[in-house]
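S.K.: The listed protein sequences correspond, in order, to chains Z and U.
Numbered according to my numbering, the first sequence terminates at residue 324, and the numbering increases by one at each position without gaps.
Numbered according to my numbering, the second sequence terminates at residue 334, and the numbering increases by one at each position without gaps.
Because the hints were derived from the structure by calculation, they are not lab data.
Just so we're clear, the structure is a prediction, and the values are computed from it rather than from any experiment.
Backbone N, C-alpha and C define an ideal beta-carbon position, used for all residues, glycine too.
Certain hints may be false.
Claimed, not checked - Quick list of in silico lysine-lysine cross-link-like pairs, BS3-like style, CA-CA up to 27 Å:
id : chain 1 : residue 1 : chain 2 : residue 2
1  : Z       : 108       : U       : 66
2  : U       : 309       : Z       : 131
3  : U       : 194       : U       : 220
As the list claims (entries may be wrong) - Pairwise CB distance ranges, derived in the manner of DEER restraints:
id : chain 1 : residue 1 : chain 2 : residue 2 : range
4  : U       : 199       : Z       : 130       : 15 to 23 Å
5  : U       : 215       : Z       : 12        : 57 to 65 Å
6  : Z       : 29        : U       : 244       : 33 to 41 Å
7  : Z       : 310       : U       : 127       : 16 to 24 Å
8  : Z       : 229       : U       : 202       : 30 to 38 Å
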Amino acid sequence: MKKLYILLLIGLLVLLLLPKFVSSYVLGVFVLIFFYAYLGQSWNILTGYTGMISLGHSLYVGIGAYTTYLLTLALGLSPWIGMWVGGLAAGLIGLVIGFFGFRFGVKGVYFVLLTIAFAEIGRLIFLHLKIFGSFQGLFITPNFSFVNFQFKENVPYYYIALGYVIFSLIVVRLIERSKIGRYMVALREDEDAAESLGVDVFKYKMIAIFISAAMTSLAGTFYMNYLYYLHPGTMMSIAFSIEIILRPIIGGMGTVLGPVIGSFLITPLAELSRSYFAKAGYEGLHLIIYGFLLVAVVLFFPKGVIVYIKKGLGPGFIFRVRH
Amino acid sequence: MNLNLTLQLALSGFLLGGVYSLIALGLSLIFGVMKVINFAHGEMMVWGMYVAYTILVWTGIDPFFSFLVSAAILFLLGYLLQRIVVNRILDFPEAMQVLPLVGMAMVFENSARIIWGPDYISPQSRFSLSSISMGSLTVDTPRLLAFSLAIVITLIVLLFLKKTDTGKAIRAAADNRTGALLVGTNVDKVYAVCFGIGTACVGAAGGLLVPIMPLSPHIGAPFTMISFIIVILGGMGSLAGAMVGGFIIGVAESVGPELITILFHGIGLDLDFPNTMKQVVSFFILIVILLWRPQGLFGGRKG
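Here chain Z stands alone, though its shape is the one from the complex:
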């Protein structure tokens, strides 16, 4: 366990110094690695730890981005403050979905459909709001300053995204070690057994979806201020939800490091293949590869890559949960 912390610390040091040595393009790839690792981690809190699969997490990204945008537009509020309001809004929407899903006992594949339904309704509503540019989408004119969360170079984004990942790692590790986390895992493994032992299943699922939704929406603020373009058709689509879940599934759901490992494996591959195939005139080919990856991972490594890494590194490198 100590060994693992030392390893992580070394990794962190390397990452902190990295901008000194690499080009802006490489930094951009790292920003995406962190961005998707953070999103995967947020999704992991709900799906990895309670087992309720959500395929509608893009909804929260959209809510986060648009809330922050509205607050900046109407009140001149800095995104640094607006993002927390967006987080609260997304968390509350998450609670509404969770209330319907968990109170009415919507489980398994039905819960997946419920989350898709809410996300699609959200997407279609945002797509028709004139204030967000309707079908054209919303172009944001950047006004570079720290307060505005908008920067000319990749370096600040790199550190902010890294901060997001570290924040999410700490949150998830704290949850995992706490009672809440134990209860979540218990109800994931056997809901009836957990309930019969007195675990308030409904309450802990609600906590999980609130934290998960709120954290996901924080990434929306980053997305907006990094790309300067918002369109519900991309940011709130099912395809984006799949992007979110792909990395934690490949890395290992229900583990602290799984989403990060998954993102380090997949994101560079995705970026390289995306630009390579687009140049070669095969746009969409990388998505075919994604699709096959998703099939192969579930068939051959249903517990994610992290299992093999753990085996390779030996017992000193495992986050232990004391029983």
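Please build the complex by placing chain U on the supplied structure of chain Z, with the hints as guidance.
M.R.: What follows is chain U alone, placed relative to chain Z:
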């Protein structure tokens, strides 16, 4: 309220609902037998559309004949998909079964995009623009034809399940997998055939839709969703439910936006419910049915 317009919309929604029924029948059949939800259903339908379209462009044969080829090719694809992927995930937890099929959906969608290009195509076939008048209502001939053929195919599939040996084996395997194994049914093969029939239904439906709506590689996902909603509305695994659900959703999507706009104006809201938001109506129905009657209108058991 414009009664004539509403009736016209209801009629065209009803006719489309016949094709929806056929799509949902395929999904429901697969679910009823294997307890697996085919998340690639709509994307496979798009493949069916493109097959019929390609035949139309190459040979000029109308999609109302070539839908049979679509069905045959999709049967083969479904059979292989079941053999290679689905058969291995049958015993996985329900939620983990979702992901490989979502993956396959991405494969189908994007391979269609690479093969046939990303743009919308509206092929002109023989009946494209003709219509029949019935009193104050007009019916598009292609829509009427698609509806009639979809109903005929649905009935043939139901008869097949009822009367033939293969059909009986499929129903036996659905009822009791172990029991069917014990009496010597080759369950793996029966499952693969059943999956193939399910995707053949959606392939045929795709062919029938070619003269009615423009095709693009990305229209699959909404159809996957619509077929889920229909199947859940009718009751998972209930074939009759899939048919009735198809008509309900077809009419609701067609009339819904108009009625909701009237409702908005009625309560003094100056708000239109645009036709591009018609899916919201179906999603709303899905949420209500999941919460209020998750076994569906015709379903006996849940899940």
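S.K.: Against each hint, give a clear statement of whether it holds in the structure.
M.R.: Status of each hint after checking the structure:
1. 108(Z) to 66(U): holds, 14 Å
2. 309(U) to 131(Z): Holds: residue 309(U) and residue 131(Z) sit about 18 Å apart, inside 27 Å.
3. 194(U) to 220(U): holds, 19 Å
4. 199(U) to 130(Z): 15 to 23 Å: violated, 54 Å
5. 215(U) to 12(Z): 57 to 65 Å: holds, 58 Å
6. 29(Z) to 244(U): 33 to 41 Å: Holds: the Cβ-Cβ distance is about 40 Å, inside 33 to 41 Å.
7. 310(Z) to 127(U): 16 to 24 Å: Holds, at about 21 Å.
8. 229(Z) to 202(U): 30 to 38 Å: Violated: the Cβ-Cβ distance is about 57 Å, outside 30 to 38 Å.
Violation of the numbered hints given earlier is confined to hints 4 and 8; the remaining hints are satisfied by the structure.
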